[in-house]
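Chemist: Sequence:
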Amino acid sequence: MDLDDPPRKTTGITIGENLDAISLAELVQRIEALESEISRIRAEIQKKQASKNAADAFFRN
Numbered sequence: 001m002d003l004d005d006p007p008r009k010t011t012g013i014t015i016g017e018n019l020d021a022i023s024l025a026e027l028v029q030r031i032e033a034l035e036s037e038i039s040r041i042r043a044e045i046q047k048k049q050a051s052k053n054a055a056d057a058f059f060r061n
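Residue numbers (my numbering): 1 to 61.
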């Protein structure tokens with residue numbers, strides 16, 4: 001990590017955490033937050049895959 005990079009935000013969600021004491025509303029919020037993060041990650045994967053495909057095509061020629 002570079003010193004100029006902003007600190008990463010933490011969501012307070014820990015994978016594998018005991019969910020017994022968490023309310024129904026909080027569980028729904030967690031699912032929404034995680035689904036949003038999954039969508040964001042999938043979009044980034046698509047961007048990186050497109051860049052990789054373009055580079056592969058360029059260097060094949």
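Worth flagging that the hints you see were computed from the coordinates, not collected in a lab.
Just so it is clear, the structure is predicted and the values come from calculations on it, not from any experiment.
Here a beta-carbon is modelled for each residue, glycine too, at the ideal position from N, C-alpha and C.
Warning: the hint list may mix true and false statements.
[Unchecked claim] No farther apart than 20 Å at their CA atoms in a straight line, the calculated lysine to aspartate or glutamate pairs in the EDC-like style are these:
1. K47 x E35
2. K48 x E37
3. K47 x E37
[What the hints assert, rightly or not] What follows is a list of derived Cβ distance ranges for each label pair:
4. K47 x D20: 20 to 26 Å
5. D20 x K48: 24 to 30 Å
6. E26 x Q46: 28 to 34 Å
7. D20 x I45: 31 to 37 Å
8. G16 x S51: 19 to 25 Å
9. E37 x A57: 26 to 32 Å
Chemist: Measure nothing beyond the straight line between the CA atoms of K47 and E35; if it is 20 Å or shorter, mark the hint as holding.
Modeler: With a Cα-Cα distance of about 19 Å, the restraint between K47 and E35 holds, given a limit of 20 Å.
Chemist: Are D20 and K48 spaced within 24 to 30 Å by their CB atoms?
Modeler: At 38 Å between Cβs, range violated.
Chemist: I want to verify a distance hint. Is the separation of the beta carbons of E37 and A57 within 26 to 32 Å?
Modeler: Once the Cβ atoms are compared, 30 Å apart, the range 26 to 32 Å for A57 and E37 holds.
Chemist: Taking the Cβ atom of E26 and the Cβ atom of Q46, is their distance within the range 28 to 34 Å?
Modeler: 31 Å, holds
Chemist: With a cut-off of 20 Å on the C-alpha distance, tell me whether K48 and E37 pass.
Modeler: 16 Å, holds
Chemist: Could you grab the alpha-carbon distance between K47 and E37 and see if it respects the 20 Å cut-off?
Modeler: Status holds; Cα separation ~15 Å.
Chemist: Within 31 to 37 Å or not, the Cβ separation of D20 and I45?
Modeler: The hinted range 31 to 37 Å holds for D20 and I45, with Cβ atoms some 33 Å apart.
Chemist: Does the hinted range 19 to 25 Å hold for G16 and S51 at CB?
Modeler: Hint violated: Cβ distance 33 Å, outside 19 to 25 Å.
Chemist: Given the hint of 20 to 26 Å, check if K47 and D20 actually sit that far apart at their C-beta atoms.
Modeler: Since the Cβ atoms of K47 and D20 sit about 39 Å apart, the hinted range of 20 to 26 Å is violated.
Taken one by one, the earlier hints fail for this structure at numbers 4, 5 and 8, listed in ascending order.
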